[in-house]
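Participant: Okay, here's what each chain looks like letter by letter:
2 protein chains.
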Amino acid sequence: MSQHVSYGNCRVGVPGSHLAITGARFNLAPMSDDFIDIILGAIRQVDLSNVWAKTDHTSTIYRGGSVEVFDALKACFIGSYRPGVHCSLEATLSKGCPGDVDEDTPLSFDGSRINEDRSQATHFPVIGKFAVYPMGSDNYMKTIEKVVNLGIDQGTITGTGHYVTFLGGDVHEVFDYLEQVFKILEQDVSHFVIQVTLLCNVPGGEIDE
Amino acid sequence: MSQHVSYGNCRVGVPGSHLAITGARFNLAPMSDDFIDIILGAIRQVDLSNVWAKTDHTSTIYRGGSVEVFDALKACFIGSYRPGVHCSLEATLSKGCPGDVDEDTPLSFDGSRINEDRSQATHFPVIGKFAVYPMGSDNYMKTIEKVVNLGIDQGTITGTGHYVTFLGGDVHEVFDYLEQVFKILEQDVSHFVIQVTLLCNVPGGEIDE
Numbered sequence: 001m002s003q004h005v006s007y008g009n010c011r012v013g014v015p016g017s018h019l020a021i022t023g024a025r026f027n028l029a030p031m032s033d034d035f036i037d038i039i040l041g042a043i044r045q046v047d048l049s050n051v052w053a054k055t056d057h058t059s060t061i062y063r064g065g066s067v068e069v070f071d072a073l074k075a076c077f078i079g080s081y082r083p084g085v086h087c088s089l090e091a092t093l094s095k096g097c098p099g100d101v102d103e104d105t106p107l108s109f110d111g112s113r114i115n116e117d118r119s120q121a122t123h124f125p126v127i128g129k130f131a132v133y134p135m136g137s138d139n140y141m142k143t144i145e146k147v148v149n150l151g152i153d154q155g156t157i158t159g160t161g162h163y164v165t166f167l168g169g170d171v172h173e174v175f176d177y178l179e180q181v182f183k184i185l186e187q188d189v190s191h192f193v194i195q196v197t198l199l200c201n202v203p204g205g206e207i208d209e
Numbered sequence: 001m002s003q004h005v006s007y008g009n010c011r012v013g014v015p016g017s018h019l020a021i022t023g024a025r026f027n028l029a030p031m032s033d034d035f036i037d038i039i040l041g042a043i044r045q046v047d048l049s050n051v052w053a054k055t056d057h058t059s060t061i062y063r064g065g066s067v068e069v070f071d072a073l074k075a076c077f078i079g080s081y082r083p084g085v086h087c088s089l090e091a092t093l094s095k096g097c098p099g100d101v102d103e104d105t106p107l108s109f110d111g112s113r114i115n116e117d118r119s120q121a122t123h124f125p126v127i128g129k130f131a132v133y134p135m136g137s138d139n140y141m142k143t144i145e146k147v148v149n150l151g152i153d154q155g156t157i158t159g160t161g162h163y164v165t166f167l168g169g170d171v172h173e174v175f176d177y178l179e180q181v182f183k184i185l186e187q188d189v190s191h192f193v194i195q196v197t198l199l200c201n202v203p204g205g206e207i208d209e
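Listed in order, the protein sequences are those of chains E and F.
Using the UniProt record's numbering, read the first sequence as starting at 1 and increasing by one per residue.
Using the UniProt record's numbering, read the second sequence as starting at 1 and increasing by one per residue.
Think of the hints as simulated: they come from the structure by calculation, not from any bench.
Any given hint could be a false lead.
Stated by the list, open to error - Partial list, computed: chain F residues near chain E (C-beta under 7 Å): (1) Met-31; (2) Thr-58; (3) Ile-61; (4) Ala-121; (5) Asp-138; (6) Asn-149; (7) Ile-152; (8) Val-202.
Since the structure is predicted, the reported quantities are computational estimates derived from the model, not experimental observations.
Cβ coordinates follow ideal geometry from the N, Cα and C atoms, glycine included.
For reference, chain E alone in the conformation it holds in the complex (with noise of 0.2 Å):
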């Protein structure tokens, strides 16, 4: 890349994007000699007929209304899910970047969760962890407190540490509190991100907390 980027055109407060699309960019890590096979067969089983979707060498990115891409994304980590292989998701949740475009967008928003049915077929537990990042706010820990807070009465809040909240629980309801901080923040700030990271199957004892 030789050209240098701009963004001083954006205008902090103002998303790039006037479709209020909804971003989710994530890897699926299988600790497996069969990652490959795992992580393509994820990726293929998604309906993807509600994101717009792309998968380069270094992640996968759904865009699109925010029940759609939540629902394309827990289905994916969901159809990555084999009995006893550890797997980590990493995913980056974002909404109202003043250098979005309405590019890249999918022909429907019809607030459908057409992957639902089959997600629901398999349930697993999850631990893991998140951060929130509202943008641009100088009020942000404040909204912090009140997601954590939330997740703390719902019992999908485990623990607080170091720049993170720790996550635990049958993988529909982690996805489900994600879902509702993502609303909340839709509500207070025009660009944050979550960023969170889920582990299955994972190898109980080996490593003391």
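Once you have looked at the hints, place chain F on chain E.
Facilitator: Chain F in isolation, oriented as in the chain E frame:
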């Protein structure tokens, strides 16, 4: 977890740690049946004399001076390298959080890179992606532009995508660039986060870009 958190005493723009602590929380994901040995082996071979370190079930954290933390983080990722084994590093680098504390800190802040000699013995190419989150600042897009253009000039940035900027190069070059980004952010903003994913031994050709 039953008790609510409170960040009501935090003041945006005032780091919670008066020791200027840099933190790195990270996950290694070797995509191999030998993942436990690789992760534990990588963690155990790092000289942690100059950082505070803790591994829990979700991730590992180093805290200390920025030079010492970058030294330990690079040593841990390089220590996870095995020829032919695809592995990802996901790391959150953070400084200046208003909710941070002066606890969990190392004894030494002497600015030395005690793992560097051993790290230099191993070189390998990586690709990856990163994003920077300058918090509580209305000028944050300009800060992002500055650090991205630095990487374009140095050749470590290979492109931009939705929500991230793509990285590529020798593992040492990429870490060196990220440390320069960290120093620029230290000058520009009180609280910031760098979120980065690096991948080695990426299977070529399986996934079209």
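Participant: Give me the numbers of the hints this structure contradicts, sorted from smallest to largest.
Facilitator: 4
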